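Participant: Note that the protein sequences, when read in sequence, are chains A and B.
According to the working numbering, the residues represented by the first sequence are 411 to 525, in order.
According to the working numbering, the residues represented by the second sequence are 4 to 120, in order.
These are calculated hints, taken from the structure and not from any lab test.
All values reported here derive from a predicted model rather than from experimental measurement.
Please note: incorrect hints may appear among the correct ones.
Said to hold, decoys possible - Computed cross-link-like contacts, DSSO-like style, restricted to lysine-lysine with a CA-CA straight-line distance of at most 27 angstroms:
1. Lys112/B / Lys73/B
2. Lys467/A / Lys424/A
3. Lys424/A / Lys481/A
4. Lys19/B / Lys467/A
5. Lys41/B / Lys6/B
6. Lys421/A / Lys6/B
7. Lys481/A / Lys467/A
8. Lys421/A / Lys41/B
9. Lys19/B / Lys112/B
10. Lys112/B / Lys6/B
11. Lys481/A / Lys6/B
12. Lys6/B / Lys73/B
13. Lys73/B / Lys41/B
14. Lys19/B / Lys41/B
15. Lys481/A / Lys73/B
What the hints assert, rightly or not - Far from chain A by the CB rule (all over 12 angstroms, computed), these chain B residues:
16. Gln9
17. Ser74
18. Ser98
Don't be surprised by glycine CBs; every beta carbon is placed ideally from N, CA and C.
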Amino acid sequence: DTGVSQDPRHKITKRGQNVTFRCDPISEHNRLYWYRQTLGQGPEFLTYFQNEAQLEKSRLLSDRFSAERPKGSFSTLEIQRTEQGDSAMYLCASSLPRDTLYEQYFGPGTRLTVT
Amino acid sequence: AQKVTQAQTEISVVEKEDVTLDCVYETRDTTYYLFWYKQPPSGELVFLIRRNSFDEQNEISGRYSWNFQKSTSSFNFTITASQVVDSAVYFCALSDFSGGINYKLTFGKGTLLTVNP
Numbered sequence: 411d412t413g414v415s416q417d418p419r420h421k422i423t424k425r426g427q428n429v430t431f432r433c434d435p436i437s438e439h440n441r442l443y444w445y446r447q448t449l450g451q452g453p454e455f456l457t458y459f460q461n462e463a464q465l466e467k468s469r470l471l472s473d474r475f476s477a478e479r480p481k482g483s484f485s486t487l488e489i490q491r492t493e494q495g496d497s498a499m500y501l502c503a504s505s506l507p508r509d510t511l512y513e514q515y516f517g518p519g520t521r522l523t524v525t
Numbered sequence: 004a005q006k007v008t009q010a011q012t013e014i015s016v017v018e019k020e021d022v023t024l025d026c027v028y029e030t031r032d033t034t035y036y037l038f039w040y041k042q043p044p045s046g047e048l049v050f051l052i053r054r055n056s057f058d059e060q061n062e063i064s065g066r067y068s069w070n071f072q073k074s075t076s077s078f079n080f081t082i083t084a085s086q087v088v089d090s091a092v093y094f095c096a097l098s099d100f101s102g103g104i105n106y107k108l109t110f111g112k113g114t115l116l117t118v119n120p
């Protein structure tokens, strides 16, 4: 049973560049979440998909951020014109809803450093 | 608005000591879920427990136990006979049902637990 995978694990980019991260959820998990975690803080919700539909976006997700899940499987998170404040760990999670609430399974994260 | 407060930023104990991590939450919802996650140095969040707002029974799993008290809006986590491998950051999180389908998690800032040999 493979878990949630994220690629790349680390990304260093210069301010102003665009970056894209990929998340592969656990097979058959139809819900996929993106969170951002800065140093010394807990993860903060960014956005959420059910299948290919993006159902909610946080106010943290500025216009420079866009997320997609085109076929309801893997997802990408793109940041355009990166800023130093974007430096963080970007976490992906997936889940399979049941009658009662489920748990979210998290990937290892992509650590972004903007120089 | 939801909020989770973990007042203890860091805790350091010696192996075999018991340790309790505090979590206080705020929500206007009557139906909600509470979670604890562990984040070891490797960085991956590991699910530990889920509790719904209608079930105030305490739970024990091996050396781990959880105390949920709605009257004080607290969901505390105790590790008995701590071990070095318990060293990690522990997060308490809250999920509500606003809008009926919104299951996003609101996390606290975490407590860094260091267990020394």
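Participant: For the pair supplied as a hint, Lys481/A and Lys467/A, is the alpha-carbon distance within the 27 angstroms limit?
Facilitator: 19 angstroms, holds
Participant: With the threshold set at 27 angstroms, check whether the alpha-carbon distance from Lys421/A to Lys6/B stays at or below it.
Facilitator: 31 angstroms, violated
Participant: Does Lys112/B pair with Lys6/B here, judged by a C-alpha cut-off of 27 angstroms?
Facilitator: At roughly 10 angstroms apart (the allowed maximum being 27 angstroms), Lys6/B and Lys112/B satisfy the hint.
Participant: Would the non-interface assignment of Gln9/B survive a Cβ cutoff of 12 angstroms against chain A?
Facilitator: 8 angstroms, violated
Participant: When you check the alpha-carbon spacing of Lys41/B and Lys6/B, does it fall within 27 angstroms?
Facilitator: 19 angstroms, holds
Participant: Hinted pair, alpha-carbon criterion (27 angstroms max): Lys481/A, Lys73/B. Please report holds or violated.
Facilitator: Violated. Lys481/A to Lys73/B sits at ~41 angstroms, over the 27 angstroms cutoff.
Participant: If you draw a straight line from the CA of Lys19/B to the CA of Lys41/B, is it 27 angstroms or shorter?
Facilitator: 19 angstroms, holds
Participant: Would you mind confirming whether the straight-line C-alpha gap from Lys73/B to Lys41/B stays at or under 27 angstroms?
Facilitator: 23 angstroms, holds
Participant: Does Lys6/B lie within 27 angstroms of Lys481/A when you go C-alpha to C-alpha?
Facilitator: Status violated; Cα separation ~34 angstroms.
Participant: Take the C-alpha atoms of Lys6/B and Lys73/B, compute the straight-line distance between them, and say whether it is at most 27 angstroms.
Facilitator: Satisfied, since the Cα-Cα distance of roughly 15 angstroms is no more than 27 angstroms.
Participant: Do the alpha carbons of Lys19/B and Lys112/B lie within 27 angstroms of each other, as the hint requires?
Facilitator: Given pair Lys19/B, Lys112/B holds - Cα atoms ~25 angstroms apart, limit 27 angstroms.
Participant: Ser74/B: least C-beta distance to chain A exceeds 12 angstroms?
Facilitator: Given a closest Cβ separation of 22 angstroms, the condition holds.
Hint compliance for this structure: hints 3, 4, 6, 11, 15, 16 and 18 are not met, and every other hint is.
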